[in-house]
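Heads up: the protein sequence lines correspond to chains A and B, in order. Its first residue numbered 34, the first sequence is counted upward by one per residue in my numbering. Its first residue numbered 34, the second sequence is counted upward by one per residue in my numbering.
It cannot be assumed that every hint is accurate.
[As the list claims (entries may be wrong)] Quick list of in silico lysine-lysine cross-link-like pairs, DSSO-like style, CA-CA up to 30 Å:
1) A/Lys136 with B/Lys201
2) A/Lys146 with B/Lys193
3) A/Lys201 with B/Lys203
4) A/Lys66 with B/Lys201
5) B/Lys146 with A/Lys146
6) B/Lys136 with A/Lys135
7) A/Lys146 with B/Lys203
8) B/Lys136 with B/Lys146
9) A/Lys187 with A/Lys204
No lab work stands behind these hints: they were computed from the structure. What you are looking at is a predicted structure, and each value in this text was computed from that prediction instead of being measured.
There are 2 protein chains.
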Amino acid sequence: MEVSVLRLSHRYVRDTRTTTHLFLVARAFGTDKVVYTGQRDKEIEEELKEITETWGGSFKIEHSESWTSTLKDWQNSDGETIHLTMYGLPIQDVINQIRASKKNKLIIVGGAKVPGTVYRLVDWNVAVTSQPHSEVGALSVFLHELFEGRELSKNFPNAKLIIIPQQKGKKVTKTD
Amino acid sequence: MEVSVLRLSHRYVRDTRTTTHLFLVARAFGTDKVVYTGQRDKEIEEELKEITETWGGSFKIEHSESWTSTLKDWQNSDGETIHLTMYGLPIQDVINQIRASKKNKLIIVGGAKVPGTVYRLVDWNVAVTSQPHSEVGALSVFLHELFEGRELSKNFPNAKLIIIPQQKGKKVTKTD
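In isolation and in its complexed conformation, chain A is listed as follows (with noise of 0.2 Å):
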């Protein structure tokens, strides 16, 4: 199953950070591969090849002009799409069938204003609590919840720097 994040309507400085947090937990919590509309942001774009580049594994990130397109070709290639939202259904009563279906999965993360038709054109609108909060928060333990916890031990192949979990302090080993 291939897991890839759509984050739509990203904003050059003003979202750099969040939507940098975001791409980080997308390959942290083992995605494949980001998709964002918007404005292009090739600060992130190079941040994030640097950061797999030091901490191994493959993650690749893509700029799209069109939602619409991104979203069509996953539907059209039988793949699910899920649209993290507060209006959603409760994770807790869908995610076991999301789980079960193993198509490939889209996750698609609002930016500034999410057009109506998302909502209308996804297979999922679910809701990691009905509050307001994070789409950090909400990608994060949606993706925990669908990998089932095991992306808190996956392998990063070709690292450079490998933490070595402490008690108390800081220990890193270089490979190379």
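Please arrange chain B on chain A, whose structure you already have, making use of the hints.
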């Protein structure tokens, strides 16, 4: 069990959005209070107050001049202190023990630079993956694990707005 979050070294403007996300996650995922050090940020305090008035529950936000005194107060009242860091012990290895203790918990989330003393003074250094990502993501998954998913259906009394979960679209009821 009372659970609070301590955010270290907040920088006004630069960190405003990330810290806001962090505090909104703290509220939505069922903690009682956030305390922060660094620069005072009345925008965030105001936003959290408005969100709580609109969406219900009781949630407090406090500024502290010194993280050491906040930490020591907590420890003196027999509370447990947990620092979230990618260098710590994997959450999946320690969460059962942390959950079992039933002590009040202070969850410490770093800012720009975390002093080495934080690592030494706290009871736990816990990693939500050993990969670089986001303190917002780390806090979300930590709370989700601590509360075992019960936070997802937490009730927020006295809300003015309540979302009725929908398969497609948005539905909100007003209570006043």
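Just to be careful, I want the Cα atoms of A/Lys66 and B/Lys201 compared with a cutoff of 30 Å; is the pair within it?
Measuring from Cα to Cα gives roughly 26 Å; hence the hint holds.
Checking one constraint from the list: CA of A/Lys146 to CA of B/Lys193, max 30 Å. Satisfied?
holds (23 Å)
Does the alpha-carbon distance linking A/Lys187 and A/Lys204 stay inside the 30 Å limit?
Within the cut-off at roughly 19 Å; holds.
Is the hinted pair B/Lys136 and B/Lys146 satisfied, with a Cα-Cα distance of at most 30 Å?
At roughly 28 Å apart (the allowed maximum being 30 Å), B/Lys146 and B/Lys136 satisfy the hint.
Holds or violated: B/Lys136 with A/Lys135, Cα cutoff 30 Å?
Distance ~40 Å between B/Lys136 and A/Lys135 Cα, so the pair is violated.
Check the hint pairing A/Lys146 with B/Lys203 against an upper bound of 30 Å on the C-alpha distance.
holds (14 Å)
Agreement of A/Lys136 and B/Lys201 with the hint, judged by alpha carbon distance not exceeding 30 Å
Distance ~21 Å between A/Lys136 and B/Lys201 Cα, so the pair holds.
Run the distance test for A/Lys201 versus B/Lys203: straight-line Cα separation, threshold 30 Å.
violated (46 Å)
Do the alpha carbons of B/Lys146 and A/Lys146 lie within 30 Å of each other, as the hint requires?
violated (33 Å)
Hint compliance for this structure: hints 3, 5 and 6 are not met, and every other hint is.
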